[in-house]
Amino acid sequence: MTTPLLEGRDLKVSYPVRGFRRKPIEIVHGVDFSVAPGETLGIVGESGSGKTTIGRAILGLALVTGGSVTFDGRDISHLGGAARRALAKDIQVVFQDPYSSLNPSLTIGATLAEPLIVQGWSKEAATKRVLELLDRVGLPKNAAARLPREFSGGQRQRVAIARALAPEPRLIVCDEPVSALDLSTQAKVMELLLDIQRDMGVAYLFVSHDLAVVRHISHRVGVVYDGEIVEQGPVREVTEQPEHPYTQRLLLAAPIADPLLQEKRRAERARLRQVQHNQDVQAGAA
Amino acid sequence: MTAIPSDSTSVVPSETDAETRKGAIARLVRDPQAVITGSILILMIIAGLLANVIAQHDPNEANLYVVNAPPGTEGYPLGADQAGRDILARLLHSINTAVVSALIGASVALVIGTAFGLVGGYFARLRSMTEWTFTLIMTFPGILLLILLMPLTGGDYRATMLIFGVLLSPGIYRIVRNMTVGVSRELYVDAAKVSGVTSSRILRRHVLSVVRGPIVIATAFLCGTAISTQAGLAFLGVGSLSIPSFGAMISEGFRNIGLAPTQYLWPALTLGVMNACIVLFGNALRDTLQGAQPKPQKISVAHLAEGFEAESGPNAAPALLSIRDLGIAYPSPSGELNEVVRGVSLDLKPGETVGLVGESGSGKTQTAFGVLGVLPNEAIVTRGSVRVDGTEILGAPESTLRKLRGDVIAYVPQEPMSNLDPVYTVGSQLVEGIRVATGVSKREAKVRALELLERVGIPDPQRTFKSYPHEISGGMAQRVLIAGAVATEPKILIADEPTTALDVTVQADILDLLRDLQQEMGMGIILVTHNFGVVADICSRICVMKEGEVVESGEAVDVFADPQHEYTSMLLNAILDEDTVRTDPPVAVGQTSGGASR
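If you're matching them up, the sequences are chains A and B in order. Each residue of the first sequence is one higher than the one before, starting from 0 at the first, in numbering that gives the first Met the number 0. Each residue of the second sequence is one higher than the one before, starting from 0 at the first, in numbering that gives the first Met the number 0.
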């Protein structure tokens, strides 16, 4: 494997608590991960596991209280102000909710041009680039003059992807980018993300609760449980021969869209639960 | 991959931000209240500006020959006061004083309040400091302070209004701060931060555009407050006597009321009309900018379309629930009916689970609400019949429906947390439900509730019974709601996306629970979902809905194995394959490579 583009070392992330001199609550308890150029690292976990917080720490939106995040060999865990803003051309984001991630009162064109203009692009150059971006994500040119409310969820998510692509970043943090979308739209947006990656060689840190989605888009997968990465490895290994009991449970809990196969999986799951229950009992007795 | 789906939302004519704002002004011009009050205010301001042209005398020019002259006197159309000054001239100049007061007071409040509101709202670290400062300002007794500061202001009403502006600023500060806190939690602000946008640009572009509307409205009201306060101070005799103002005129007229009552009338009337116009204009402005306040959605017995008659087909079918050709419509803004459910037919037998599957907007939830008889007030049932256990429920009175909902039909919602009342304990909500449905005593209901909690797999029923909803997890909350739903051993359970808000491991447990309860009680379940995995897990039959119609229905095994309708196949194909993992290696820029493969 080539040298990593992004690397987390014993990363700890906390959220501040309201109130005078109250200690922040630690959400992520020391995780290690790395993303190579052009690679997708899938981060899968359930609600409250800290998977989104890992992404926010990389983006500088959450407080790193231990360990480090390095990008291209440079520690970016405590960057502030101008240094953080300069990183915008390399690290971008696509959020889950396509409704609140676009300012309702700005036109699509204004939203897409903003990251370019703050980087000193001229207005004409930015306008030209916006049209290219719209074309790249499969939206019509006249979308630039319209407001977000005129678009469906899937189309808005395309706009959010276009915004992330604007400065030609090397890493995009995707925080559940397809979870809020309908099934048929979801497949199309995933296809777009794959396409872009193959074209531009951008790396993804892809956060999701949906194993099927992660399996489809990731080269490697990390499974997060209670603020720790309990299992990490190539996608086939993790999703076909999971070692950690939690990963096993997670895999069997996801229902297959086939009544007959699902019945088998259900039985398998019941069996696993019994086995793990017995192990717990023995561990308790020992 | 195809380009954009050409759905109806994308063909709306383009409209820019500027046009939206123009739209607001255009709407304001069409509002009679705004037009009338606005014109009166403008006329007053113009009259004030032309004071020296309209009136023939200086407001302070005293002429002893016309002391207390009645209205209509030559050169003194409104008469003269006890010092022989022209009342019309004084009145017109008072308008100017009032307008200047309003401008100074409101703009000082606006500038200070907005600036600190933005800073305090956006930078959490500075918030406690700004909060303290403005709370302190609010505690100052306004009028008293202004009177005490007289030596400082030298009686100049403009300096007084400057200070009064500061005293008014907490109102604006609070509005701006609250809205800023809300906006800075929006994802688009996070996205802007990640895009390298500076804080000051975020505040200008993203925050100020949201805050703008409410502060425009608040400013209108502040103008009114500033004018009344200035008049009040002048009435008390605070400030320079050479400045004509409503307050001073009212004060003088009041002392002279026995001799010449109209002297009191003119300034009081003008001030009253001016303030009333400002308040009414502010109200019109609020209605235009924020839209009329949304009415709370009422839920009621379904409205039936005119000439509606439940289709009385052969009553032989032994189905527990039988929906025939159900149509539900909503009136569009233009008044036409827009059908969201178009002729849905569906049967449910005891002990079976029917999956109602579709994407968002397919009408699956509306169908379920139609069965429960809890459609929103605007909804209109256009056709069809819904029979529960042989009883027609369309058009049935609320009392019948209530009886059915308690006894026969139960409901499990999508969002467990928002369906529990945060101010009551879980136990008291369960007990309440059981008592309403069965009429047992409180003690019996509690025993039953604890049994149910244990039955739905809650590890410590006693503790959960005493917990408040925020103290339990989403999965536990859903178990509680299921416990409540099955309390009366209903024959039909309608579950609307019961696991969508839950994690997959919890989802699997909840589905297991529903399956067990069904076997135990022999309920028929209608499961509304968009997830084919859930359907495959629990449903024996399935109805695929698209745009308000059932496009395909049949045994689940058959539909999955051999879908007949192309929409069903499309949906099934869109499901990400279990066996597909990504195999193409990461590529460097410029290279391309193959796709995912088996």
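If you are wondering where the hints come from, they were derived from the structure by calculation, not from laboratory data. Keep in mind that the hints are not guaranteed to be accurate.
The calculated lysine-lysine pairs, modelled on DSS-like cross-linking and capped at a C-alpha distance of 25 Å, are [as the list claims (entries may be wrong)]:
hint, chain 1, residue 1, chain 2, residue 2
1, A, Lys88, A, Lys22
2, B, Lys348, B, Lys402
3, A, Lys140, A, Lys122
4, B, Lys465, A, Lys11
5, B, Lys441, B, Lys465
6, A, Lys88, A, Lys122
7, B, Lys192, A, Lys88
8, B, Lys545, B, Lys348
9, B, Lys402, B, Lys465
10, A, Lys122, B, Lys192
11, B, Lys465, A, Lys127
12, A, Lys22, A, Lys11
Treat the numbers as computed from the prediction; the structure is a model and nothing was measured.
For each hint, the structure was consulted:
1. About 34 Å separates the Cα atoms of Lys88 (chain A) and Lys22 (chain A), which puts this hinted pair outside 25 Å; it is violated.
2. Note on Lys348 (chain B) and Lys402 (chain B): the hinted pairing holds, with a Cα-Cα distance of about 20 Å set against a maximum of 25 Å.
3. Straight-line distance between C-alpha atoms of Lys140 (chain A) and Lys122 (chain A) comes to about 17 Å, which keeps the hinted pair within the 25 Å bound.
4. Between Lys465 (chain B) and Lys11 (chain A) the alpha-carbon distance is near 35 Å, which puts this suggested pair outside the 25 Å criterion.
5. Of the pairs offered as hints, the one joining Lys441 (chain B) and Lys465 (chain B) holds, with about 15 Å between alpha carbons and a cut-off of 25 Å not exceeded.
6. Our distance criterion of 25 Å between C-alpha atoms is met by Lys88 (chain A) and Lys122 (chain A), whose separation comes to about 18 Å.
7. Our distance criterion of 25 Å between C-alpha atoms is met by Lys192 (chain B) and Lys88 (chain A), whose separation comes to about 12 Å.
8. Simply put, Lys545 (chain B) and Lys348 (chain B) have alpha-carbon atoms about 23 Å apart, close enough for the 25 Å limit, and the pair holds.
9. Annotation: proposed proximity of Lys402 (chain B) to Lys465 (chain B) is violated, straight-line Cα distance about 28 Å (limit 25 Å).
10. A distance of roughly 20 Å separates the Cα atoms of Lys122 (chain A) and Lys192 (chain B); the hinted pair therefore holds under the 25 Å criterion.
11. Simply put, Lys465 (chain B) and Lys127 (chain A) have alpha-carbon atoms about 62 Å apart, too far for the 25 Å limit, and the pair is violated.
12. At most 25 Å may separate the alpha-carbon atoms for a hinted pair to count; Lys22 (chain A) and Lys11 (chain A) meet this at roughly 14 Å.
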